[in-house]
Amino acid sequence: MILSDSSAPTPSQSESAIDPSQPATIPSTTPERAAPSKAIGAFGSTFIAIFLAEFGDKTQVAVLLMAAESHQPWVVFAGAAMALIATSLVGVVLGQWLSQRLSARTLETAVGALLLVVSVSLLWDVMLGS
Amino acid sequence: MNWQLLGLSFVTVFLAELGDKSQLAAIALSGNSRSPRAVFLGASVALVVASAIGVVIGEGTAQLLPTRLVKAAAALGFAVMGLRLLWPAEDFPPDYDEVE
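Chains as they are written, first to last, in my numbering: chain A, 3 to 132; chain B, 34 to 133.
FYI, nobody ran anything at the bench for these hints, they're computed from the structure.
Just so you know, these numbers come straight off a predicted model, no measurement behind them.
It is possible that some hints are incorrect.
[Unchecked claim] Listed next, the stretches of chain A that the computed footprint assigns to chain B, with coverage defined by at least 3 CB atoms under 8 Å from CB atoms of chain B:
| hint | region |
| --- | --- |
| 1 | 50–62 |
| 2 | 66–80 |
| 3 | 84–96 |
| 4 | 109–119 |
| 5 | 122–128 |
[What the hints assert, rightly or not] Simulated restraints on C-beta separations:
| hint | chain 1 | residue 1 | chain 2 | residue 2 | range |
| --- | --- | --- | --- | --- | --- |
| 6 | B | VAL113 | A | GLY131 | 30 to 36 Å |
| 7 | A | GLN102 | B | LEU109 | 15 to 21 Å |
| 8 | B | TRP120 | A | GLU71 | 31 to 37 Å |
| 9 | A | GLN102 | B | TRP36 | 45 to 51 Å |
| 10 | A | GLY46 | B | VAL89 | 20 to 26 Å |
| 11 | B | ASN35 | A | THR108 | 44 to 50 Å |
| 12 | B | GLN37 | A | THR108 | 41 to 47 Å |
| 13 | B | ARG101 | A | VAL119 | 15 to 21 Å |
| 14 | A | ALA37 | B | GLY40 | 21 to 27 Å |
| 15 | B | ASN35 | A | VAL95 | 27 to 33 Å |
| 16 | B | LEU116 | A | ALA88 | 26 to 32 Å |
Beta carbons are placed, not taken as given, at the ideal position from N, Cα and C, and that holds for glycine.
Please model the entire structure based on the sequences and the hints provided.
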């Protein structure tokens, strides 16, 4: 059925079940994948941030000590690599879980606070000279 | 394959990293990103490369990069990222939640 033009400016009251204050055309789902350039940017910035934070950290020192003592450095490296991938996965899944439950504003505040915690923790290491 | 050594190094590193800086950073970067797979890959590759450098170079890592300077730079970077998120709370467009 084709609606006539005259019906357009006066929407019928029978459709008032839809709240008029709510925009009807908001997509309910977020896109699953971001644009490739965004993904490359996220990869690069994450790599640089975490590499710099982790370089010379206690984990790296522990890995090199275990590797040197065991005389089987690549077995130690394999175990360490799997553990690091596992903890990254846990972190990323936790972050996504939080991002789906918090509002955008709360999330920005929480993420900002968490990044400052990381910063202070790094500065603490610098002060201790490790 | 020395499974005991493999398991020992896995458990040691897993427990050391749980709740540590890099995992907190992974939580923050992932929570703020639309590309969780890219964040996961970036974090994993960074950590694996860092520990591979540790295994290959051993005690020489401090000569390769001055670790305190690197850490101070990383601390500055994380502080800037965090402050940029916390600072302009009023700059949100009214429909921010829908737009992003």
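Structure-based check of all given hints:
no., hint, verdict
1, 50–62, "holds (count 13)"
2, 66–80, "holds (count 12)"
3, 84–96, "holds (count 13)"
4, 109–119, "holds (count 11)"
5, 122–128, "holds (count 6)"
6, B:VAL113 - A:GLY131: 30 to 36 Å, "violated, 24 Å"
7, A:GLN102 - B:LEU109: 15 to 21 Å, "violated, 31 Å"
8, B:TRP120 - A:GLU71: 31 to 37 Å, "violated, 47 Å"
9, A:GLN102 - B:TRP36: 45 to 51 Å, "violated, 38 Å"
10, A:GLY46 - B:VAL89: 20 to 26 Å, "holds, 23 Å"
11, B:ASN35 - A:THR108: 44 to 50 Å, "holds, 47 Å"
12, B:GLN37 - A:THR108: 41 to 47 Å, "holds, 45 Å"
13, B:ARG101 - A:VAL119: 15 to 21 Å, "holds, 20 Å"
14, A:ALA37 - B:GLY40: 21 to 27 Å, "violated, 41 Å"
15, B:ASN35 - A:VAL95: 27 to 33 Å, "holds, 30 Å"
16, B:LEU116 - A:ALA88: 26 to 32 Å, "holds, 31 Å"
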